[in-house]
Every structure is written in C-alpha cells, then in structure tokens.
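Peer 1: Those sequence lines, one after another, are chains Z and U.
Going by the numbering used here, the first sequence opens with residue 1085, and the numbers climb by one from there.
Going by the numbering used here, the second sequence opens with residue 225, and the numbers climb by one from there.
Hints listed in this document are in silico derivations from the structure and should not be mistaken for laboratory results.
FRET-style restraints, in silico, Cβ to Cβ:
1. Gly1211/Z to Ala249/U: 45 to 55 Å
2. Gln1090/Z to Glu295/U: 19 to 29 Å
3. Arg236/U to Glu1091/Z: 17 to 27 Å
4. Glu266/U to Gly1213/Z: 16 to 26 Å
5. Arg1121/Z to Arg243/U: 36 to 46 Å
6. Arg1088/Z to Arg264/U: 28 to 38 Å
Please read these numbers as outputs of a predicted model, since none were measured by experiment.
Beta carbons: idealized from backbone N, C-alpha and C, even for Gly.
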Amino acid sequence: MDVRVQEEAFDLGVETSAFAARQTGMGAVVTFTGIVRDIEAGLDVMQIEHYPGMTEKALAKIASEAKERWSLGDVLVIHRHGALKADDLIMMVATAAPHRVDAFEAAEFLMDYLKSRAPFWKKEVTGAGQDWVAAKDEDEDALSRWE
Amino acid sequence: MDVLYFAWVRERIGQPKDRIETTAATVRDLVEELRAREPRYEAAFADLDALRVAVDQELADFDAPLAGAREVAFFPPMTGG
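Chain U on its own, in the form it takes in the complex (with noise of 0.2 Å):
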C-alpha cells in the first residue's frame, strides 16, 4: 500500500511517501501502526483532529476500512481557492 504525506504532515515526516505492507483493517490501525515506528510518525500523527484521511483518493474518516485500499494519503484541512 502507498501512504502519502502532504504539507506539514509531510514535512514532520520528511518524506512524501512510503510504500508499507500493513494488515491494518482501519485507518485509525494503520496510524497506530505508523505512530508506533518513530518519533517523527509520532510527531505527525499527535492529533487526529488537525488532520485529514483520503483512502483511494477519496475524503474517508479514521474508522473506514481499508480492505482492497492502494492508496491512503495523510494531510491537514485543506486551503483551496
């Protein structure tokens, strides 16, 4: 699965992808497993609501499931326009 950082989620991280084989069934598990591997995930992911999910390239929230997903994308509300 590609997991995707963008703006400062990015930034925390300092890298815009990684490429991660997960059995994670949720959002929320699969943040608690990349939160759980280093202290800048940690960082990143300190508080959910300061940030938002795409799975698919489609808005989802922390309980969605992520069965069949390819893509899930970590980033803060957006600031279009």
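Bound conformation, chain Z alone (with noise of 0.2 Å):
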C-alpha cells in the first residue's frame, strides 16, 4: 500500500508503469486520474487545503478498507494540494488485482470515499472572486451502495 500527500506534480505514466512492475501475480491493474477542471468563469487557480496527519491516515483507512473487501494485490493513492491550474492532475489511484472485476470495484470503492471522507477542501480563484466548492449530494449519496 501506498499512500502519498504532496504539492509536488506526479507523472502518471511513471507512476502507473511502477505501480504495475511492482505486482506479481496480478492479472489487472486500473488506474484513475482526477484532473482540474476549467469552469465558465475561467479557473486562475484551484487552491487545495487539506489537514496534514489526518489526511494521510483517512487516506490508509480508505485504502486498507478497499484491500479487506476486495482481493487486491495491492494499492497507490497520490493526492496534491496547494495551487493547482486548470488542467494539472489533482490526483490517482490504482488498484491491482488477479481478476478485473476487484481492480474496478476497489477504485470506484477509493475514489467515492476519497470524495467526501478524505480531509481536502477546493478554492476557485477566478478574476471574479474566490469560492469554496460546495460537497455535492450526490457525493454523499455515492457511499450507500457500499454500505
């Protein structure tokens, strides 16, 4: 398991090629990334706050809760936070598995709790002003189906 909070920028391709040379024995890897997104109003920056102790053990709950659900070989989460622009990767995960069906279910799984249990909080900055973005609903409604 690997679990990672940083400012710094990951390369994707580098991560996913490590991630998936460090299994054995496992038939599926699946990755997913978030990356900014503009928005209507022209995005300067996506600020990302987030509470340093907390945030690393939320994120190795999650993660050691998606390893005893599912048979997993393994797991990688890199989440930034600082100021991000549009475009710029937010974050991944990646899951390894014998069987795809685990590797898609443990980072559908990682992803919905990474939304809404995991202590990171966005500001907007546009030359309009600056907004936190608001928890959507149906982010929240997303855990049930894993309950």
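Can you join these two chains into the complex? Each is in its own frame, and there are hints to help.
Peer 2: What follows is the structure, given as structure tokens:
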C-alpha cells in the first residue's frame, strides 16, 4: 500500500508503470486520475487545502478497507494539495488485483470515499473572486452503495 | 487542547488554530464555548449542519465526548478527489 499526499506534480505514466511493474501474479491494474476542470468564469487557480496528519490517516484507512473488501494485490493513492491550474492532475488511484472486477470496484470505492471522507477542501479562484467548492449530495449518496 | 479550523471556517474565524483550556464534555459544549467568545466565532458556528468535526484526527459527531482529546478540528464537508 502506497499513500502519498504531496504538493509536487506526479507523472501519471511513470507512476502507473512503476505500480504495474512491482506486482506479481496480478491479472489487472486499474487507474483513475482526477484532473482540474476549468470553469466558465475561467479558473486562475484551484487551491487545495488539507489537514496534515489526518489526511494521511484517512487515506490509509480507506485503502486498508478496500484491501479487506476486495481481493487486491496492492493500492496506490496520490493526492496533491496547494495551488493547481486547469488541466493539472490532482490525484490518482491505482489498484492491482488477480481479476479485473476487483480492481475496478476497489478503484470506484476508493474514489467515492476519498471525495467525501478525506479532509481536502477545494477553492476556485477566478478573476471575479474566490469560492469554496461545495460538497455535492450525490457524492454523499454514492457512499450508500458500499454500506 | 488544540482547536483547528479549515477552509471557510478558518477564514471566518480569521486564524487556523486556537490553543484553549476547556472543561467542555462534548464537541457541542465546546462549540457553545467558542460561540460565546466573539461574533466571528458565532458566525463560523452559526449552522452546525454545514460543519464537520474530527476529534484527534478521526471524524466524529457533535455529541462525541472530549475526555482525553488533544485536538479537535472543525471544517466544511470535504471535497477531495
């Protein structure tokens, strides 16, 4: 299990290749990548704040739970914080499993929990001002399918 | 006890952290104490439904006991991913 919270950019290709290369006996690797989406007002900066200490614990807990629920070889989570621009990569998860269904489902589970249970907050800064991104009801609802 | 604030809670209060002495039994009691301090705290804690809380870096609810707690954090619903 590899959980990283960092300000620096990461290289999706390098991380994915390295993750796949260190697996043995796994038939499937699934990755998900989150990207900063531009908004109509024109995004200057997406500021991502987090809770150092709790963030790492919360991500490790979510990743451990995924490993308990599915037959997984390994899990990788990278999540950035700080000032990002439109089209920057925010985060990625990767799962490795003997079979693809476990890898896909675990990746979805990780994403659903990471959205509303990992202590990150996004603020959109535009020429017109700045706004904290509100949590969406559907993100909270998405958790119910895993209960 | 350290009390931490994140995102707009931090902005409304105007600082990221308070170090306080408290005898509050629960998170809710602590909120009442903070609210009574100054209008900026009152403003930040006006709607508890809009807030989440962590006690010693674990998500908790407002009725959670504070006995032995070293760190309490208040923040809006999280928007990771």
